[in-house]
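The lines below spell out each chain.
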Amino acid sequence: MTDSAHLIAKLPNDIGGAEAGPIVMAEHTLLPWEKRCHALADVLDFKKIINTEEKRRGVEALGATVIGNLSYYERWIVAFGNILFQKGIITPEELARKMDEVEARHARAGGA
Amino acid sequence: MSAHEHEHEHDHPHAEITAEPAGYYEIMETAVRELLAEKGLIGPAEIRRQIEVLDSRTPALGAKVVARAWVDSGFRARLLADGRAGCEELGISFYDDTQLIVLENTQEVHNLIVCTLCSCYPRPVLGLPPDWYKEKPYRARAVIEPRAVLAEFGTTIPDDVEIRVSDSTAMVRYLVLPRRPDGTEGWSEEALAALVTRDAMIGVVPATLPETVQ
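If you read the protein sequences in the order shown, they are chains P and C.
Quick note, the first sequence lines up with residues 691 to 802 if you use our numbering.
Quick note, the second sequence lines up with residues 18 to 231 if you use our numbering.
One or more of the hints may lead you astray.
What the hints assert, rightly or not - Quick list of in silico lysine-lysine cross-link-like pairs, DSS-like style, CA-CA up to 27 Å:
#1 P:LYS700 - C:LYS56
#2 C:LYS153 - P:LYS745
#3 P:LYS777 - P:LYS745
#4 P:LYS777 - C:LYS56
#5 P:LYS788 - P:LYS738
Since the hints were derived computationally from the structure, they do not count as laboratory data.
Please work from the sequences and hints to get the whole structure.
Set out below in structure tokens:
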């Protein structure tokens, strides 16, 4: 391989055979939002809105830095947002406004 | 059993977590879901129903499949021929389009499943995968040094036994059919199912007798 060829031999998600440390056998219980995110993924799949391959490619498209720094379901929901933008189902502005609305709702609930 | 452990874990952290403020990504999840509902693309009840489906899928379902295969050679043959149809025969429905290949451990072959690309896993029959299955060390190392990986789970496979690692895909999932432990002749299907753990169906440990049994 040439110097740069190894960069395209594998995409960031394709880590089989890579060097890695010992297996940490911790297991966390899913947070409620994580479980909702998982349920959302399943519903989007059987509604044919986002399938499993699209989800994986969406996560892969985040790139190694984001993949390395976001948790499992954080990566999913960001990928879903991007895929839905690309498909024209929602717009970035709609999502930003709705996130502001949700955040305000949480803040009111927290303050009460 | 992991199902029991899960029940214990489930209550306490849940209560704690509820009090924490919503993070950026939780807010994003809520926003995406609500936008899709507003556009009529998904129904809120569908999310709640799917959460109930996810909660209903535990390794106990897979253990039931394995135990049936151990006692019924006809079922075993059908299961190995078409894993999904075999599970459906026992009333275990699949809620997605995936197929299931059941991999039988024998005297000559020990099977291990992994997903190097992400975290594909036979969720309809095992529930959600453990964290370690989704993280880099297992995903990276299972395909290149499986014996060392198994050793970290306390599992030693003799050198004359082949280890086969199957890498899962979006459409094809695997389930390991562990070997029936010696000394279980005449056991009921229910007692046999209790010997089968999630990790045995991933392939990182064998199915074993409880240590208290003589």
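Verification of the hints:
no. : hint                : result
1   : P:LYS700 - C:LYS56  : 38 Å, violated
2   : C:LYS153 - P:LYS745 : 18 Å, holds
3   : P:LYS777 - P:LYS745 : 13 Å, holds
4   : P:LYS777 - C:LYS56  : 14 Å, holds
5   : P:LYS788 - P:LYS738 : 23 Å, holds
This entry does not satisfy hint 1, going by the numbered hints stated previously; all others are met.
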